[in-house]
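Residue numbers (the numbering used here), protein chains in the order written: chain B, 1 to 178; chain S, 179 to 379.
By construction, these hints were calculated from the structure, which means they are not laboratory data.
Predicted model, so just to flag it, every value in this text is computed and none were measured.
Take these hints with a grain of salt, some might be off.
As the list claims (entries may be wrong) - Short, incomplete list of chain B residues facing chain S, as computed with Cβ under 8 Å:
#1 23
#2 28
#3 63
#4 66
#5 72
#6 74
#7 119
What the hints assert, rightly or not - If we take Cβ atoms under 8 Å as the criterion, some of the chain S residues that face chain B in the derived model are:
#8 188
#9 200
#10 226
#11 235
#12 236
#13 325
Beta carbons: idealized from backbone N, C-alpha and C, even for Gly.
What follows is the residue order along each chain.
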Amino acid sequence: MTVLSSADTDAMVARAKQGDPAALEALYRAYGTSVYNLARRICRTSEDAEDVLQETFFEVCRSIRTFRGDGSVWGWIRSVASSKALMRLRRNKYRATDELDDEIAPARQTSPALRMDLETALARLSDTARAVVWLHDVEGYTHEEIAAQMGRTPSFSKSQLARAHQRLRVWLGDAVLN
Amino acid sequence: MTHLSMDQLLAVRDGDRSEPHFGEAHVHVLACAACRQEVDSLHQRTARLRAMPMLAPSRDHFGAISARWRTAVRQRRMRTLSTVGVAAAAMLLLSVVGTDLLQPPALDAEQQLATSITRSQELEAELHEWNPEQRIVDGRTAQLVIVIENRIADVDGRLQDAARLEQQARLERQVELWRERVGLMNALVDVHVTKASNVDL
Chain B
1 MTVLSSADTD AMVARAKQGD PAALEALYRA YGTSVYNLAR RICRTSEDAE DVLQETFFEV
61 CRSIRTFRGD GSVWGWIRSV ASSKALMRLR RNKYRATDEL DDEIAPARQT SPALRMDLET
121 ALARLSDTAR AVVWLHDVEG YTHEEIAAQM GRTPSFSKSQ LARAHQRLRV WLGDAVLN
Chain S
179 MTHLSMDQLL AVRDGDRSEP HFGEAHVHVL ACAACRQEVD SLHQRTARLR AMPMLAPSRD
239 HFGAISARWR TAVRQRRMRT LSTVGVAAAA MLLLSVVGTD LLQPPALDAE QQLATSITRS
299 QELEAELHEW NPEQRIVDGR TAQLVIVIEN RIADVDGRLQ DAARLEQQAR LERQVELWRE
359 RVGLMNALVD VHVTKASNVD L
């Protein structure tokens, strides 16, 4: 993410609110890669992540006038992006794959030969679990915020996180307790 | 010894006091080396997740985003224009009929308004026929188009505001705004047509 001073960001947002195309492009240049990264970590394919990137910045262009400025502009763009990414997951209905992952996971846990790197392990998680891990542990969202975005309860988000870590600790080979 | 569950380990890692038995779990971690190591391992995993390489999109998407947004702005403008156009026509009719009955008409201003509205609509039709959506323009032209379209949208917004003014002030304001609109529409048509001519060359 390009680091901009607070004054530069404020000026850029003010111009973007007036519909200045150069300011909107500057927002894309400053935050586009971070949005894509977030989307790519949540979505299963790069194509989906690129769609989320487009959807997010189209929404930013359309709704920047409604941004009240009571938080950072990156916080606002990120919430648009995570919402679009979760919407994409729901739309793609990866549910069947989630269930499959849930079923095969115990078999994998027993095999030390299947130690994975973090990238592979993250990709092996179900879509929901991966999204919760990323949003909570990396992006810093609370379980309440994740629950609100997913239309679920905070307990659901917590249990998804716990199950995900249970798997990651085995897949990554860093389990201490049996 | 019973060790902590993953929920409890995560609650300790995150300092989540809303978790039932958080206090006991915290005390347990202080006393149990294995659970302490699990909590450390959770911290390390999170650090590794945060340190994962930044992924970048395969191509620049801003051109596509900008084009889609421009289309949306244009469609919104067309919708606003129809509303404003109908309202303006109604106001004009009302003012002509009203002034005929009550006082000598300010025909000059009304004629100017009618002429500007007609000219603006002709230019809209001309642009519509030109079908700019189906034509490719360079980035600089696209930006110019966005700027002009935003200014037209702004004029449309001010026309809506003008409808709330008292009759004489409204008429003067509308004449002024519709003239501005015609100027902008002319510029928009020029930009599209000139660029297309250049492509032909």
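Evaluated hints:
1. 23: It is violated, given that the least Cβ distance between residue 23 of chain B and chain S is near 11 Å, above 8 Å.
2. 28: holds, 5 Å
3. 63: violated, 11 Å
4. 66: violated, 15 Å
5. 72: Check failed: Cβ of residue 72 of chain B comes no nearer than 18 Å to chain S, outside 8 Å.
6. 74: violated, 14 Å
7. 119: Hint on residue 119 of chain B: holds, closest Cβ of chain S at ~7 Å, below 8 Å.
8. 188: The hint holds - residue 188 of chain S has a Cβ within 8 Å of chain B, the shortest such distance being about 6 Å.
9. 200: violated, 13 Å
10. 226: Given a least distance of 6 Å, the restraint on residue 226 of chain S holds.
11. 235: Because about 4 Å separates residue 235 of chain S from the closest Cβ in chain B, which is inside the 8 Å limit, the hint holds.
12. 236: holds, 7 Å
13. 325: holds, 7 Å
The structure fails hints 1, 3, 4, 5, 6, 9 (numbered hints given earlier, in ascending order).
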